[in-house]
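Engineer: Residue strings, one per chain:
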Amino acid sequence: MTPLAHYLILSGILFSIGLAGVLIRKNIIVVFMCLEMMLSAANISLVAFSRAQGTEGVPVYDPQVLSLFVVAVAAAEVAIGLALIVAMFRARKSVESTAITTLKD
Amino acid sequence: MIQNLPWLFLLLPLAVAAINWLCFSKCACCAAALSILSALGTFGLCVAYLAGMMPAAAPDIYTWMPIATEGMPSLSLGLLMDPLAMRMMLVVTGIGLLVHIFSVGYMKGDASNKSRYFAGLSIFMFSMTMIVMADNLAMTFIGWEMVGFSSYLLIGHWFNKESAADAAKKAFITNRVGDFGFLIGILLTMAVFGTLTFSEMGVATAGIPAAVLTATVLCLFCGAVGKSAQFPLHVWLPDAMEGPTPVSALIHAATMVAAGVYMLVRLQVSMGEAAFTDTACTVIASVGAITAVLAALMAVQQDDIKRVLAYSTLSQLGYMVMAVGLLAGEAAMFHLYTHAWFKALLFLGAGAIIVGCHHEQDIWKMGGLGKKMPITTVCFLMGTMALIAIPGFSGFFSKELILDAALAKSPVFFWVGAGVAALTTFYMARLCLITFLGTARAHGAEHASEKSFTMSMPLIILAVMAVISGYGFVADALVPFEGFHAHGFELGLPFYVSMGSLVLGLALAWLIYGCGKRSKDPLAGNAISTALRERLYIDKFYDKGLIGLLQDCGTRIIEFIDTTIIRGICVQGTSWLIGRFGILLSWIQGGSLRAYSLVIGIGVLFIMFILAFTFHSL
Amino acid sequence: MEAAISSILFYLFATVAVLSAFGVVASRNPVNSAMCMAVSFASTAAILFCMGAQFLGIVQIIVYAGAILVLFLFVVMMLDVKSEERNLSNLPRAIIGVVIAGVFAGMVTKAALLLPDATAGKCPVKALCCTDYDATPDTTVAEGELSGGALPELAQDNADVKSLGETLFSQYNIPFVILSFALLAGTVGAVALGRKIRKD
Numbered sequence: 001m002t003p004l005a006h007y008l009i010l011s012g013i014l015f016s017i018g019l020a021g022v023l024i025r026k027n028i029i030v031v032f033m034c035l036e037m038m039l040s041a042a043n044i045s046l047v048a049f050s051r052a053q054g055t056e057g058v059p060v061y062d063p064q065v066l067s068l069f070v071v072a073v074a075a076a077e078v079a080i081g082l083a084l085i086v087a088m089f090r091a092r093k094s095v096e097s098t099a100i101t102t103l104k105d
Numbered sequence: 001m002i003q004n005l006p007w008l009f010l011l012l013p014l015a016v017a018a019i020n021w022l023c024f025s026k027c028a029c030c031a032a033a034l035s036i037l038s039a040l041g042t043f044g045l046c047v048a049y050l051a052g053m054m055p056a057a058a059p060d061i062y063t064w065m066p067i068a069t070e071g072m073p074s075l076s077l078g079l080l081m082d083p084l085a086m087r088m089m090l091v092v093t094g095i096g097l098l099v100h101i102f103s104v105g106y107m108k109g110d111a112s113n114k115s116r117y118f119a120g121l122s123i124f125m126f127s128m129t130m131i132v133m134a135d136n137l138a139m140t141f142i143g144w145e146m147v148g149f150s151s152y153l154l155i156g157h158w159f160n161k162e163s164a165a166d167a168a169k170k171a172f173i174t175n176r177v178g179d180f181g182f183l184i185g186i187l188l189t190m191a192v193f194g195t196l197t198f199s200e201m202g203v204a205t206a207g208i209p210a211a212v213l214t215a216t217v218l219c220l221f222c223g224a225v226g227k228s229a230q231f232p233l234h235v236w237l238p239d240a241m242e243g244p245t246p247v248s249a250l251i252h253a254a255t256m257v258a259a260g261v262y263m264l265v266r267l268q269v270s271m272g273e274a275a276f277t278d279t280a281c282t283v284i285a286s287v288g289a290i291t292a293v294l295a296a297l298m299a300v301q302q303d304d305i306k307r308v309l310a311y312s313t314l315s316q317l318g319y320m321v322m323a324v325g326l327l328a329g330e331a332a333m334f335h336l337y338t339h340a341w342f343k344a345l346l347f348l349g350a351g352a353i354i355v356g357c358h359h360e361q362d363i364w365k366m367g368g369l370g371k372k373m374p375i376t377t378v379c380f381l382m383g384t385m386a387l388i389a390i391p392g393f394s395g396f397f398s399k400e401l402i403l404d405a406a407l408a409k410s411p412v413f414f415w416v417g418a419g420v421a422a423l424t425t426f427y428m429a430r431l432c433l434i435t436f437l438g439t440a441r442a443h444g445a446e447h448a449s450e451k452s453f454t455m456s457m458p459l460i461i462l463a464v465m466a467v468i469s470g471y472g473f474v475a476d477a478l479v480p481f482e483g484f485h486a487h488g489f490e491l492g493l494p495f496y497v498s499m500g501s502l503v504l505g506l507a508l509a510w511l512i513y514g515c516g517k518r519s520k521d522p523l524a525g526n527a528i529s530t531a532l533r534e535r536l537y538i539d540k541f542y543d544k545g546l547i548g549l550l551q552d553c554g555t556r557i558i559e560f561i562d563t564t565i566i567r568g569i570c571v572q573g574t575s576w577l578i579g580r581f582g583i584l585l586s587w588i589q590g591g592s593l594r595a596y597s598l599v600i601g602i603g604v605l606f607i608m609f610i611l612a613f614t615f616h617s618l
Numbered sequence: 001m002e003a004a005i006s007s008i009l010f011y012l013f014a015t016v017a018v019l020s021a022f023g024v025v026a027s028r029n030p031v032n033s034a035m036c037m038a039v040s041f042a043s044t045a046a047i048l049f050c051m052g053a054q055f056l057g058i059v060q061i062i063v064y065a066g067a068i069l070v071l072f073l074f075v076v077m078m079l080d081v082k083s084e085e086r087n088l089s090n091l092p093r094a095i096i097g098v099v100i101a102g103v104f105a106g107m108v109t110k111a112a113l114l115l116p117d118a119t120a121g122k123c124p125v126k127a128l129c130c131t132d133y134d135a136t137p138d139t140t141v142a143e144g145e146l147s148g149g150a151l152p153e154l155a156q157d158n159a160d161v162k163s164l165g166e167t168l169f170s171q172y173n174i175p176f177v178i179l180s181f182a183l184l185a186g187t188v189g190a191v192a193l194g195r196k197i198r199k200d
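Residue numbers (my numbering), protein chains in the order written: chain A, 1 to 105; chain B, 1 to 618; chain C, 1 to 200.
Be a bit skeptical, because a hint or two may be false.
As the list claims (entries may be wrong) - Computed cross-link-like contacts, EDC-like style, restricted to lysine to aspartate or glutamate with a CA-CA straight-line distance of at most 20 Å:
#1 K82/C to E96/A
#2 K544/B to D166/B
#3 K372/B to D362/B
#4 K371/B to E450/B
#5 K93/A to D80/C
#6 K162/C to D62/A
#7 K26/A to E96/A
#8 K520/B to D362/B
#9 K196/C to D80/C
#10 K365/B to D304/B
#11 K93/A to E84/C
#12 K93/A to E85/C
#13 K26/A to E84/C
#14 K169/B to E145/B
#15 K26/A to D80/C
#16 K26/A to E85/C
#17 K409/B to E273/B
Quick caveat, the hints were computed from the structure, so don't treat them as lab data.
Using the sequences and the hints, build the whole thing.
Structural biologist: Right under this line is the structure:
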């Protein structure tokens, strides 16, 4: 019997690693991967809550639906994001996040 | 209702000034007519009161500022109707009326805005009335400032001319210097006497220390020094001749400049002669005497006809102030009254000459006017004879009275007075010889002629007054002093001395300026003459030394405030601070994706903290 | 016994997930990162299975490990991204990132432990494995009514999928439709971005 807190902690740790990756890595593709990881880490929390709130072993399904939505949004995001990365690579011949400084001008 | 009729003295000119200013700025004729009517109205009212046709009125006193506390009276607005005020009013309104009429002729053909001019005259009449009829010093001060203001307006009437604008400023600012002292004096009066109302002042001067009294009187005298153009502050009056000549006659000869003397006499009457301590009297008399001598000396070498008269006015005012200092208020007011008539006459005569000679003011470009402008010449000569105190003319009586008083108090002032009389005779004789005799020296004078009746009529009336106003039957009724009684004519040292100075002055003038054949001044060219022409360098000293120094200091201070405090700290400092802050903030907007992600990370921490811990504990 | 196995499996997969996540962040080569991420996603899916969310677990594998990861790999290969060089200039930033992430993890842990019944409370996976779950003996009518007869259904096959589907298509129908528009927009956007930009 694993308590709820452990699921949440696992979720938090995965999320933190993703956050660290976003902050540290320069390669924008890896940054993007880390973002996906953060999303999936959130899914663990949602499912854990879904179970914990359930009665008589029947989970509450609303968090799971939300989690499904997260997955769908992640898929759409990846489609757009990777297209952006490709476009950026075409324009700058680089996938380093340090190369993106156009906002300054 | 009827007892409040005297308020018309104030309201009539004020209303006319307002109407002229606001409604008739395009209609000069209406403005002139209205102003003359108002002057006529006040003059008529004044005559009616003096002749006893109106019941003796005690106009209501209005509380202006109800601040009455312990030892602090309320400020009120009230009118004094005693002989000193009412007879002074007669002089003011009488000469005012004549000047109004003369102005119509004088200003004919002048391009400037004449309704502004008449509005200025009306507002001057209002303020002068305020000074004369004020029943307390606060009200006097209001009028005091108002005459300064109207004088500023009228001197600067031709404000397009730079010298006129400068002269207006000079007059106003110089007066302010004196008014500063006057204001202090008023406050001292309030503190010392506990009241500003003239009728309540005479109660207790015994218990007050002499030094305090002296300070009070001398501070009040400062106001007179400014307004009556006494020695240290006399510089504005000759420059004020830049204004139209009728204005010079009314304001800078007959009435406003005499206000200082009037105010001093009024104080002397109200406070009692005991309030005028020996020190104060000596200072006042000395200032008067110095002014009289200096101004008479400067007048000797002036070429501008109006300036000669201006210095002559200064000199005569010095006489009056000297008389006040000698505690001879009666003599001072007598001289003020005769002087007002004949000096107004001289100025109006000069105005007629100037207009006749096509706005030429230099006496060396005149000459031979005696034949071309007979009425003006005769009237002018009447005025001159009154001024140089030929026996039988009004000036003679009043000057004798002053010399009598001087001899009784202090021989020094007597001999000063005699010397000034000789100088007066000399410069006036010079003026007349050059102007009226000989032949015309310039084109303007060759075609000189009498211009209009509105200019001759006031001259004739004034000439009559200049002759007869000194005789007892007129003077007893009209001299603005309570219980004035003209003294009988008596032979004595003053008479002989003044006759001597008269003859001396005339003889010298005749010798030097002969029968008007010369075309330039034989005395000119040497150092003394230059010094006199340069007004003994007093103006230069003020301009360069005093004002330059003050302005330098002021500039330094302003520069410091401007560059260091305002520009340096307030403006540039603020912009520097904001700039730095902006640079700090611009790091956030650096456009670097990594910097953004860092900020987002920190933000996530904050949100997490708030969500997880702050709400949890609730 | 089952509970113990369940716990062991959870901790095992959790460890794998965390380690492979480290691998994603730490490896220099993006291809390695992608591979580590695949492992991480797979273990996440396993944990979801453990919690009885079979459908979500499958979705996790299909969408994340299948579609998304392949996309990533495809882009990495296509762009021929070089592996990053480790240099010292990146160190301060790495430290800052680690500190922020560490603080975040600490805060999440603390918050999780602060939850009521977080450690001692209900087991999330009781429906599957908790035999030691003390179902209150009085299975009264009231309790049965409260459950709404869900228990018998749970025993059926695909009970989880069925329940999730019911919730999704009844209660969350409109958001679901909106989400489909989001996906459509994503597709169109990706096509639009990937189009060759004409220079004229």
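Engineer: Each of the hints needs a verdict: does it hold here or not?
Structural biologist: Here is what the structure says about each hint:
1. Restraint check: the Cα-Cα separation between K82/C and E96/A comes to about 10 Å, which is no more than 20 Å; the hinted pair holds.
2. For the hint linking K544/B to D166/B, the alpha-carbon distance of about 16 Å falls within 20 Å, and the restraint holds.
3. For the hint linking K372/B to D362/B, the alpha-carbon distance of about 17 Å falls within 20 Å, and the restraint holds.
4. For a cut-off of 20 Å, the pair hint linking K371/B to E450/B stands: about 11 Å separates their Cα positions.
5. Pair hint K93/A plus D80/C holds up; C-alpha atoms about 11 Å apart against a cutoff of 20 Å.
6. Of the supplied pair hints, the one linking K162/C and D62/A holds, its CA atoms being roughly 13 Å apart against a limit of 20 Å.
7. Restraint check: the Cα-Cα separation between K26/A and E96/A comes to about 5 Å, which is no more than 20 Å; the hinted pair holds.
8. Under the criterion of a C-alpha separation no larger than 20 Å, the hint pairing K520/B with D362/B is consistent with the structure, at around 11 Å.
9. For the suggested pair K196/C and D80/C, the alpha carbons sit about 19 Å apart, so the restraint of at most 20 Å is met.
10. For the proposed pair K365/B and D304/B, the alpha carbon gap of about 10 Å is at most 20 Å, so the pair holds.
11. Using a Cα cut-off of 20 Å, the hinted pair K93/A and E84/C holds, with the two alpha carbons roughly 15 Å apart.
12. Taking the CA atoms of K93/A and E85/C, the gap is near 17 Å; set against the 20 Å cutoff, the hint holds.
13. Between K26/A and E84/C the CA atoms are separated by roughly 8 Å; this keeps the pair inside 20 Å, and the hint holds.
14. Note on K169/B and E145/B: the hinted pairing holds, with a Cα-Cα distance of about 14 Å set against a maximum of 20 Å.
15. Restraint check for K26/A and D80/C: satisfied, since their Cα atoms lie roughly 16 Å apart, inside the 20 Å limit.
16. A threshold of 20 Å between alpha carbons decides the hint, and for K26/A with E85/C the separation of about 10 Å falls inside it, so the pair holds.
17. Among the hinted pairs, K409/B with E273/B is consistent with the structure: their alpha-carbon atoms are about 14 Å apart, no more than 20 Å.
This entry satisfies every hint, going by the numbered hints stated previously.
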